[in-house]
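Chains as they are written, first to last, in my numbering: chain A, 1 to 330; chain B, 1 to 306.
You may find that some hints are simply not true.
Reference listing, derived: stretches of chain B covered by chain A, where coverage requires no fewer than 3 residues with Cβ under 8 angstroms from a Cβ of chain A [to be verified]: (1) 152-158; (2) 222-230.
What follows is a list of derived Cβ distance ranges for each label pair [to be verified]: (3) A:R34 <-> B:I233: 36 to 42 angstroms; (4) B:E96 <-> A:R314: 37 to 43 angstroms; (5) A:A17 <-> B:I233: 34 to 40 angstroms; (6) A:D104 <-> B:H149: 38 to 44 angstroms; (7) A:I309 <-> B:H149: 22 to 28 angstroms; (8) B:G218 <-> A:R10: 31 to 37 angstroms.
If you want the ones that stay clear, here's a sample from chain B, every Cβ over 12 angstroms from chain A, calculated [unchecked claim]: (9) G30; (10) L76; (11) F108; (12) G166; (13) R271.
Derived by calculation from the structure, the hints in this document are not laboratory data.
Ideal Cβ positions, reconstructed from N, Cα and C, are used throughout, including at glycine.
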Amino acid sequence: MVTVLPERDREAEARAAALERQLAEVQREIAVHRPRAEKDGAEADVLRALEARAAELREALMQMPIAWNAVALARHPQRPKAQEFLAALIDDFTELHGDRLFRDDPAIAAGVGWCEGRPVVAIAPYKGKDTRENIAHNFGMPYPEGYRKALRVMKLAEKFGYPVLSIVDTPAAFPGDAAEERGQAEAIARNIQEMTRLRTPILVVITGEGGSGGALAIAVGDVVLMLENAIYTVIPPEGCAAILWRDATRAREAAAALRLTAADLAALEIVDEIVPEPRGGAHMDPDRAFATVRDALRRHLTALDAIPIDDLVRRRYDKYRRMGYYEERP
Amino acid sequence: MLNWLRRPKYGSIERRDTPAGLWTKCPKCGALITTKELERNLKVCPKCGFHHRLTAEERLAVTLDENSFEETDAHLISGDPLRFEGYPEKLAEAHEKSGNPDAAIVGFGTIEGYRTAIGALDFPFMGGSMGSVVGEKITRIAERAVEAHLPLVVFSASGGARMQEGALSLMQLAKTSAAIARLHDARLPYLSVMCDPTTGGVTASFAFLGDVILAEPGALIGFAGRRVIEQTIRRKLPDNFQAAEFCLEHGLIDMVVPRPELRATLARLLRFFGAPRVAATPPIATAGPAEATSTAVTATAGSEDV
Ligand SMILES: [Zn+2]
Numbered sequence: 001m002v003t004v005l006p007e008r009d010r011e012a013e014a015r016a017a018a019l020e021r022q023l024a025e026v027q028r029e030i031a032v033h034r035p036r037a038e039k040d041g042a043e044a045d046v047l048r049a050l051e052a053r054a055a056e057l058r059e060a061l062m063q064m065p066i067a068w069n070a071v072a073l074a075r076h077p078q079r080p081k082a083q084e085f086l087a088a089l090i091d092d093f094t095e096l097h098g099d100r101l102f103r104d105d106p107a108i109a110a111g112v113g114w115c116e117g118r119p120v121v122a123i124a125p126y127k128g129k130d131t132r133e134n135i136a137h138n139f140g141m142p143y144p145e146g147y148r149k150a151l152r153v154m155k156l157a158e159k160f161g162y163p164v165l166s167i168v169d170t171p172a173a174f175p176g177d178a179a180e181e182r183g184q185a186e187a188i189a190r191n192i193q194e195m196t197r198l199r200t201p202i203l204v205v206i207t208g209e210g211g212s213g214g215a216l217a218i219a220v221g222d223v224v225l226m227l228e229n230a231i232y233t234v235i236p237p238e239g240c241a242a243i244l245w246r247d248a249t250r251a252r253e254a255a256a257a258l259r260l261t262a263a264d265l266a267a268l269e270i271v272d273e274i275v276p277e278p279r280g281g282a283h284m285d286p287d288r289a290f291a292t293v294r295d296a297l298r299r300h301l302t303a304l305d306a307i308p309i310d311d312l313v314r315r316r317y318d319k320y321r322r323m324g325y326y327e328e329r330p
Numbered sequence: 001m002l003n004w005l006r007r008p009k010y011g012s013i014e015r016r017d018t019p020a021g022l023w024t025k026c027p028k029c030g031a032l033i034t035t036k037e038l039e040r041n042l043k044v045c046p047k048c049g050f051h052h053r054l055t056a057e058e059r060l061a062v063t064l065d066e067n068s069f070e071e072t073d074a075h076l077i078s079g080d081p082l083r084f085e086g087y088p089e090k091l092a093e094a095h096e097k098s099g100n101p102d103a104a105i106v107g108f109g110t111i112e113g114y115r116t117a118i119g120a121l122d123f124p125f126m127g128g129s130m131g132s133v134v135g136e137k138i139t140r141i142a143e144r145a146v147e148a149h150l151p152l153v154v155f156s157a158s159g160g161a162r163m164q165e166g167a168l169s170l171m172q173l174a175k176t177s178a179a180i181a182r183l184h185d186a187r188l189p190y191l192s193v194m195c196d197p198t199t200g201g202v203t204a205s206f207a208f209l210g211d212v213i214l215a216e217p218g219a220l221i222g223f224a225g226r227r228v229i230e231q232t233i234r235r236k237l238p239d240n241f242q243a244a245e246f247c248l249e250h251g252l253i254d255m256v257v258p259r260p261e262l263r264a265t266l267a268r269l270l271r272f273f274g275a276p277r278v279a280a281t282p283p284i285a286t287a288g289p290a291e292a293t294s295t296a297v298t299a300t301a302g303s304e305d306v
């Protein structure tokens with residue numbers, strides 16, 4: 001069982017909050033000076049100085065060890081999407097469609113391909129690169145049929161003994177009436193249960209947002225990797241803040257309280273390995289991010305090969321069996 | 001661990017310490033009913049049939065045969081693994097309010113003589129939320145059921161995962177679901193009963209993994225909260241949305257069972273799935289639910305004082 005996490009760095013959090021306030025103030029001034037700067041040379045100089053100051057503050061903030069930086073990076077619009085990781089990691093990908101029950105969920109992709117020269121079955125939620133794509137893929141929030149499609153291909157992997165590679169970046173299971181009517185809870189529960197006993201290796205990479213049960217439904221595995229700036233949480237920080245303080249704008253504080261960073265998750269023994277990202281985040285150098293993930297996957301695929309399937313499934317059970325923290329007082 | 005003084009008598013929900021002059025207003029029909037009468041009626045409104053929520057102790061009391069409950073794992077206590085602000089205080093307050101150390105009670109007992117492992121979530125304890133202790137207790141009782149080769153019955157009443165334990169709470173979904181899988185592998189029956197309310201992480205794990213899923217009338221059952229859904233789809237939802245009856249209609253659960261018939265229904269299922277019968281108990285009549293149960297309750301509720 002895990003130990004209690006160390007105290008948060010509240011001093012750093014306070015300094016970051018102070019930087020935030022300064023940045024907000026500079027941005028207000030920029031807004032005031034910008035319209036004047038077009039005609040007035042002196043005003044243009046002031047504006048340039050203010051913009052330089054804002055960039056400095058932003059850079060300083062990025063260096064602070066605060067949870068919100070990970071939230072911002074995990075949700076960064078330029079962050080490589082799960083489908084881009086999939087394209088970079090899987091050769092000759094053949095997408096398979098539909099859950100055979102209701103429809104094909106565009107929020108989640110599933111299919112077969114080759115990873116490091118071996119056949120694998122891959123799953124990846126689909127976030128769009130722009131608004132139009134985002135709407136088409138429902139912002140990467142699956143319906144029950146998405147989870148059922150994922151389970152269908154996992155069973156296919158089991159049939160042939162191929163490893164499952166699940167790339168996780170989803171804010172949540174879709175909270176809608178139709179999703180509820182079709183059994184969102186059952187679909188998630190079923191996937192989680194089947195993944196705990198699937199008789200083939202499962203590798204999970206959390207690349208962006210690991211949003212609660214909607215993420216766990218494709219994230220139970222023998223090896224769970226997490227990118228340095230990815231997040232994994234039981235509730236979005238906004239939702240947590242709304243419940244705790246009835247104020248969703250206090251999401252930064254909630255993000256800190258929830259301990260949702262890769263470092264926290266590794267300390268809690270929920271993820272097995274943190275995959276480092278290029279400086280400034282995966283979007284600064286996507287190819288390097290893909291290569292780092294590929295190296296880690298190769299290493300783990302080889303290691304999992306050596307484990308007999310009965311041992312593997314038993315080890316997976318034991319791994320999840322240990323998760324939690326409680327005290328026993330006679 | 002249980003607060004025995006506050007504990008109701010088995011086979012009944014009637015508390016010895018309920019004053020005679022106390023009245024309860026039904027939130028559905030507004031009728032004023034003496035609390036004594038309501039307790040005698042298993043906390044079902046005699047006027048409109050509204051099912052008041054039960055605590056875990058009351059739930060076990062109305063379900064199990066008198067004196068049959070042996071609690072296990074009572075000594076598990078929540079820690080504060082994230083050092084989450086205010087969590088230890090919330091735990092202390094919930095303990096004070098409910099008399100329980102956390103939001104689940106598990107153990108073994110008999111229902112009309114059929115021996116089973118059993119668990120009940122306690123909604124008054126932080127909304128029945130599942131943190132490490134609830135997850136561990138459900139997991140242990142599932143594992144104990146496998147060891148003892150007994151069925152498992154779990155009554156859920158929960159708002160979901162416990163936010164204050166972060167991703168560790170989320171992992172309880174995997175832990176409990178894995179343990180339930182072992183029960184299935186051992187070909188032992190698992191009956192899941194959803195009570196008001198059963199939402200979030202508990203639905204997305206053991207509550208929806210029953211061989212048979214039962215629910216009480218009017219119980220709220222769903223994964224996402226009504227408000228979140230309404231904000232997402234920008235529409236008002238119908239009143240019965242996510243009600244037990246709605247879930248039955250959509251094929252998500254097997255049956256909606258009024259509380260007075262629940263004990264007999266569970267016994268019937270336990271018998272069908274081969275639960276061992278360890279003791280003969282007074283027969284329960286099958287006609288006229290409310291009437292039948294009050295007879296049964298009188299028959300089983302003796303002068304038990306633990
Ligand atoms: Zn009423």
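Subject >> Broken hints, by number >> reply: 1, 8, 10 and 12
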